[in-house]
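Once you have looked at the hints, place chains B and C on chain A.
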Amino acid sequence: MPAPIIAARDVSKSFFGNPVLRDVSIALVPGRIHALLGENGAGKSTLINLLSGALPSDRGTIEIDGKAVAALTPAAARNAGIAVVQQELSLTSSLSIAENIGLGAYPRRYGFIDYGALARRAKAVCDMVGLDESLSRPVGDLPLGRRQMVEIAKALFREPRVLILDEPTSSLSAHEADTLTRLLVKLREAGTAVLYISHRLNEVMRLCDHVTVLKDGVVTADQSLAGTDADGLVRLMVGRDPGDLFPSWTATPETETIVSVEGFSSGPLKDIDLTIRRGEVLGIGGLVGQGQEDLLLGLYGALPASARRASFDGVPGIPASVPKANALGLAYVPADRKREGLHLIHTIAWNMMLPQFGRARGLSLRNRGKEKALALDLADHLGIKGDLTRQVQALSGGNQQKVALAKWMPSDPSILLLNDPTRGVDVETKREIYILLRRFASEGKAVVLSSSDTPELVHLCDRVAVMREGKLAATLDRDGLSEEAIVAAAMGAEEAAQAA
Amino acid sequence: MSHTPDTRSQRLYWPVQMQRNRGVRGLFVVVAAFLALYVYLFPGLFSIGGVSKFAQSWFPLALVSMSQAILMLTGGISLSIGATVSLGAVIAATTMTGPLGVVGGIAAVAVAGLGIGAISGAIVVRLKLPAIVVTLAASFIIGGAALLILPRPGGAIPIWFSDLLAGNTPAALILLIVTALLWKLYLATPLGLSLYASGENPVGAYRGGVPVDRSLIAAYAISGLLAAAAGLFVAAQTGSGDPVIGTAFTLNSIAAAVLGGVGFLGGRGTMRGAIAGSLLLSVMINVMFFLGFPPVAQYVAQGLIIIGAVALPEITGRRGPR
Amino acid sequence: MSATESETTRFPPRRISALLRNRAFLTFIIVALVWVVAGFAKPGFGSFGHLRYLLELAAVIGLVAIGQTFVVIAGGIDLSVGAIVTVSAVGVPLVADLGDPTGTVPVLIVLAAASGIGLLNGLGVAYLRVHPMIMTLAMATFLQGVLILVAGGSAVSAQNPLLHWFGNARPIGIPAGVYLWVVVSAITLVVLHATPFGARIFAIGANPLATALSGVNTRTTTMAVYAIGGLTAGLAGVLLLGMNGQGYVGIGDPYLLASIAAVVLGGTSILGGSGTYAGTIPGAILLVTITALITVVNASPGWRSILFGSLILALLLFSGRESRGR
Chain A
1 MPAPIIAARD
11 VSKSFFGNPV
21 LRDVSIALVP
31 GRIHALLGEN
41 GAGKSTLINL
51 LSGALPSDRG
61 TIEIDGKAVA
71 ALTPAAARNA
81 GIAVVQQELS
91 LTSSLSIAEN
101 IGLGAYPRRY
111 GFIDYGALAR
121 RAKAVCDMVG
131 LDESLSRPVG
141 DLPLGRRQMV
151 EIAKALFREP
161 RVLILDEPTS
171 SLSAHEADTL
181 TRLLVKLREA
191 GTAVLYISHR
201 LNEVMRLCDH
211 VTVLKDGVVT
221 ADQSLAGTDA
231 DGLVRLMVGR
241 DPGDLFPSWT
251 ATPETETIVS
261 VEGFSSGPLK
271 DIDLTIRRGE
281 VLGIGGLVGQ
291 GQEDLLLGLY
301 GALPASARRA
311 SFDGVPGIPA
321 SVPKANALGL
331 AYVPADRKRE
341 GLHLIHTIAW
351 NMMLPQFGRA
361 RGLSLRNRGK
371 EKALALDLAD
381 HLGIKGDLTR
391 QVQALSGGNQ
401 QKVALAKWMP
411 SDPSILLLND
421 PTRGVDVETK
431 REIYILLRRF
441 ASEGKAVVLS
451 SSDTPELVHL
461 CDRVAVMREG
471 KLAATLDRDG
481 LSEEAIVAAA
491 MGAEEAAQAA
Chain B
1 MSHTPDTRSQ
11 RLYWPVQMQR
21 NRGVRGLFVV
31 VAAFLALYVY
41 LFPGLFSIGG
51 VSKFAQSWFP
61 LALVSMSQAI
71 LMLTGGISLS
81 IGATVSLGAV
91 IAATTMTGPL
101 GVVGGIAAVA
111 VAGLGIGAIS
121 GAIVVRLKLP
131 AIVVTLAASF
141 IIGGAALLIL
151 PRPGGAIPIW
161 FSDLLAGNTP
171 AALILLIVTA
181 LLWKLYLATP
191 LGLSLYASGE
201 NPVGAYRGGV
211 PVDRSLIAAY
221 AISGLLAAAA
231 GLFVAAQTGS
241 GDPVIGTAFT
251 LNSIAAAVLG
261 GVGFLGGRGT
271 MRGAIAGSLL
281 LSVMINVMFF
291 LGFPPVAQYV
301 AQGLIIIGAV
311 ALPEITGRRG
321 PR
Chain C
1 MSATESETTR
11 FPPRRISALL
21 RNRAFLTFII
31 VALVWVVAGF
41 AKPGFGSFGH
51 LRYLLELAAV
61 IGLVAIGQTF
71 VVIAGGIDLS
81 VGAIVTVSAV
91 GVPLVADLGD
101 PTGTVPVLIV
111 LAAASGIGLL
121 NGLGVAYLRV
131 HPMIMTLAMA
141 TFLQGVLILV
151 AGGSAVSAQN
161 PLLHWFGNAR
171 PIGIPAGVYL
181 WVVVSAITLV
191 VLHATPFGAR
201 IFAIGANPLA
211 TALSGVNTRT
221 TTMAVYAIGG
231 LTAGLAGVLL
241 LGMNGQGYVG
251 IGDPYLLASI
261 AAVVLGGTSI
271 LGGSGTYAGT
281 IPGAILLVTI
291 TALITVVNAS
301 PGWRSILFGS
311 LILALLLFSG
321 RESRGR
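Those sequence lines, one after another, are chains A, B and C. UniProt numbering puts the first residue of the first sequence at 1, with every later residue one more than the last. UniProt numbering puts the first residue of the second sequence at 1, with every later residue one more than the last. UniProt numbering puts the first residue of the third sequence at 1, with every later residue one more than the last.
What the hints contain is simulated information worked out from the structure, not anything from laboratory work. Beta carbons are placed, not taken as given, at the ideal position from N, Cα and C, and that holds for glycine. Please note: incorrect hints may appear among the correct ones.
[What the hints assert, rightly or not] Listed below are several chain A residues computed to face chain B (Cβ distance under 7 Å; list not exhaustive):
no., residue
1, T92
2, S96
3, A98
4, L103
5, G104
6, Y106
7, F112
8, I113
9, Y115
10, A119
11, L135
12, V185
[Claimed, not checked] Cut-off 30 Å, straight-line C-alpha distance, at most; resulting in silico cross-link-like pairs (DSS-like, lysine-lysine):
no., chain 1, residue 1, chain 2, residue 2
13, A, K445, A, K372
14, A, K445, A, K338
15, A, K445, A, K370
16, B, K184, A, K123
17, A, K385, A, K215
18, A, K430, A, K44
19, A, K338, A, K123
20, A, K44, B, K128
21, A, K338, B, K128
Here chain A stands alone, though its shape is the one from the complex (with noise of 0.2 Å):
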């Protein structure tokens, strides 16, 4: 086995005291792709910041080949060839795809930036990741995928010797995903050395060569990929038997409609009509960006909605405001939590009482006594433990994603909008959410799941709707459910499978 570019020895790193890697070793060989496993809170991020010198190590050594680097800054880590992908978008809007690719490392000629040799060389990452877009074309243009591609682009650019990818595929539809595979390929064959994090066991198991596998900040594996199945995997990271992900439930019986909508419009969508019934999870699925956050949106009366006919829960009509919405029984919980969910900054009690807040009505005064018991109530039965006067992000992602669960409890919806409920959430959290929400179909009331996960369509819906391009490609019943199914009509494959 060739000698590892960068290995960490025994790195430990605490936060206020609290151990966050305890004793962690990793080597990152040329020609391997080396996924990193593990929960949200497990230390994966933390880990991958020691490497590309972002946090010192409280303890332990890393290694550079072979030599051991008393402090590592982010300025070594690149000299050293390390480029690391982070989850958080490092671009800028305004500049062009080739500046933000070649941005802090531009070529130069008598101290101006060389567009020439700027031009040639982000054209050639470009073709690697399959971007095809001018690249003068300013970043802000692009949807968040081919951002993503950029970003990766970015990384290619430095030509570096060791990759970090976190969680890469977490917005990439199917085809820039199999783009990025092949070309992770292809770095593998080059004699890259790739340390590639993600949630998607399937597109570990199919990539990558060796796996180390991270519980609460400890290493519980490291080994081969060979030999290892799903099941093992999920056992090392949760550290019990996965078991069955997804709740087993039985299909409510055919129930009355709740929501109907004919002919409804919402920015890019046209003309779709939809029925959501009591007792049901409706699953949204298709590939990333084809109209699904604009139809939750505009069910949820926070983007301006047409329709031809509409009816929610008896009354005609779209919601107005997102007010109304909630007076009528919505409630939605969006995707990227940080912006569109939480108060940040605020405490995790106060969090929850959000929509109250909203409701209040005048010159009121809050309750204060009230507002605790129903928080200590909300946290108990969503198990968010610990002080609820912490800042919400102190908090790991999936307890921010009970947290914005939470908050519409006490408001006691009937139709639940979800928005990729389950993005970076972990294992354990996603199987809490999997029961809440088929009990709160069970009690009759209605779930709508928009999900980029497709398992958790076919293993969680009732029904699935399919979207492509704005329009509804296909409703796909019980019977007719797969992630063929569902992934065939996303890509447009087959314009029958609603016959199916």
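Frame of chain A; chains B and C shown alone:
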């Protein structure tokens, strides 16, 4: 082989420049319309004298608008531009007729502007204080310094220098073009272009190896230089120094930059937009003057036009709360 | 999940150390220290008459800063408060008293107008999506023009019994203006921290998008916030007129920067979403104290201005640091 990089360079550089025009095309049309109206009202504009006079009335506003736009690109805002203009004016009026001479006076103004900008920038960037508050406090300090140098209007600018800059010459127009070209050159350097990344996404830029702090502090220094230079020009125009002459420029610079499409969140907007915004404001004032508006009505009209210009895109192309 | 955690782990009682990190409290301590030190160092500073005078001055800034605190917590900024102070100080004498001998009617009319101006700011920010800085700046420019057209350059004096009382009476030795400030401050603190409306303001300032998606009517809340900004600036204007006896164009100008400085010195984040008026109160007192001390030093106007700016900057370094994280 040797000329290939150049043609490639043009293939990327100029398309990028064209893309940056996108946001300001509407503004250019409005400015052109106002200019046409102005020419119609005042045909005398088409003469060396007419152009010179107009450029002189526009030039200081253009400089402070650029000064403000640069700071807004960093994600901040400056409330000390007016005070810096005043300081530049009093330094010019007290040094140029003294032993330092005109060249020494220009150097003193430049050093003061760069220094003030760099120090404000360092405080904002290194000590992590919000720009609006730091520049607010700085406006008192800078304004106080101006009062110390020249407690009441006075001082002098050599007549020949005043005539050169603000006499019957198009010097102001030429200087403005040179300033704009120098900015273009600066933006073509890695440090200059980094301003956009540092302003819009400082964390991402830092991770990507951009010297964020350095690019921001450099931007503050340039901003200070431009404001002080505007003060020098104002002193040359009036022939003397006045410790409070710059006050109105703070708000006008914000107005012009915003008319020019520069955003408050950092990294959004262009210098050509800011210059066009200042031109629009300047022409507007001139047109109103020719139409016989009383000077105070300009305030009223100015307020309405600024809101209108900013709100119009919202009214015409509105979407939900996203 | 297993056992229900006790209420004390869920809502741990606040510790003394938390109080020491509380910026509002720290600002109070600074004011107290400055007063004690200055009282010993400078005879006359600590006299009741002088401190009373400082509080009276602080009341005007404090009133303007109420609206500014609301607006800043809601994530905006109000650059028109100075102009609104002028509008109401100049406006009262211009409004007919409709035969009301107490002078209450013109004051109410002017306060309504001031609130209306604030409401217009709010309309522009909430519905036209004009950036607060631009909306209020344009409003200030607009008002400045209107004021010069209506009032001209000369000072106007008011024969208004109500205002005269508020500006000069001293029940139990304390100026009526200070009583006014205390009452309005108490209302402000209740509204901000004990009502859902107050919570909505903090929500909008911290994350407007998430607030809207949580079912809060962000538009009406925003408009109410700016209307409050206009109302308290108007209140400050009439009090100023009462204290001064006359109003003139430009009388309100110093209060714009002073109100922002008081808010920030009090520990309210200029980025919105967090803060309290409890900090703005000592912030306003600190401002007038600094000004008074500088006057005592007997320096030239230039040095006074430099000292003032430097002290604000120094205090900010001490208490006002915040991450500029976005």
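Evaluation of the provided hints:
Because the closest C-beta pair between T92 (chain A) and chain B is about 4 Å apart, less than 7 Å, the hint holds. Against a cut-off of 7 Å between C-beta atoms, the interface hint on S96 (chain A) holds, since the closest Cβ of chain B lies about 5 Å away. The beta carbon of A98 (chain A) comes within 6 Å of a beta carbon in chain B, closer than 7 Å, and the hint placing it at the interface holds. The closest approach between the C-beta of L103 (chain A) and any C-beta of chain B is roughly 5 Å, which is under the 7 Å cut-off, so the hint is satisfied.
This hint holds: G104 (chain A) has a C-beta 3 Å from the nearest C-beta of chain B, less than the 7 Å allowed. Because the closest C-beta pair between Y106 (chain A) and chain B is about 4 Å apart, less than 7 Å, the hint holds. Interface hint at F112 (chain A): satisfied, since its Cβ lies 5 Å from the closest Cβ of chain B, which is below the 7 Å cut-off. For the restraint placing I113 (chain A) at the interface with chain B, the shortest Cβ-Cβ distance is roughly 6 Å, inside the 7 Å limit, so the hint holds.
Below 7 Å, beta-carbon pairs count as interface contacts, and Y115 (chain A) has one with chain B at about 4 Å; its hint therefore holds. A hinted interface residue such as A119 (chain A) counts as satisfied when its beta carbon comes closer than 7 Å to some beta carbon of chain B; here the least separation is about 4 Å, so the hint holds. Of the supplied interface hints, the one on L135 (chain A) holds, with its beta-carbon coming within about 6 Å of a beta-carbon of chain B, less than 7 Å. At its closest, the beta carbon of V185 (chain A) sits 26 Å from a beta carbon of chain B; the interface hint therefore is violated under the 7 Å criterion.
A hinted pair counts as satisfied when its Cα atoms are at most 30 Å apart, and K445 (chain A) with K372 (chain A) qualifies at roughly 27 Å. Distance check on the hinted pair: K445 (chain A) and K338 (chain A) sit about 27 Å apart at the alpha-carbon level, within 30 Å; holds. Note on K445 (chain A) and K370 (chain A): the hinted pairing holds, with a Cα-Cα distance of about 26 Å set against a maximum of 30 Å. Restraint check for K184 (chain B) and K123 (chain A): satisfied, since their Cα atoms lie roughly 24 Å apart, inside the 30 Å limit.
Of the supplied pair hints, the one linking K385 (chain A) and K215 (chain A) holds, its CA atoms being roughly 19 Å apart against a limit of 30 Å. In summary, the hint linking K430 (chain A) to K44 (chain A) is supported, as the alpha carbons are separated by about 18 Å, within the 30 Å threshold. Pair hint K338 (chain A) plus K123 (chain A) does not hold up; C-alpha atoms about 34 Å apart against a cutoff of 30 Å. The hinted pair formed by K44 (chain A) and K128 (chain B) meets the criterion: a straight-line CA distance of about 29 Å does not exceed 30 Å.
Between K338 (chain A) and K128 (chain B), the direct Cα distance comes to roughly 23 Å. Compliance with the 30 Å bound is thereby established for this hinted pair.
Taken one by one, the earlier hints fail for this structure at numbers 12, 19, listed in ascending order.
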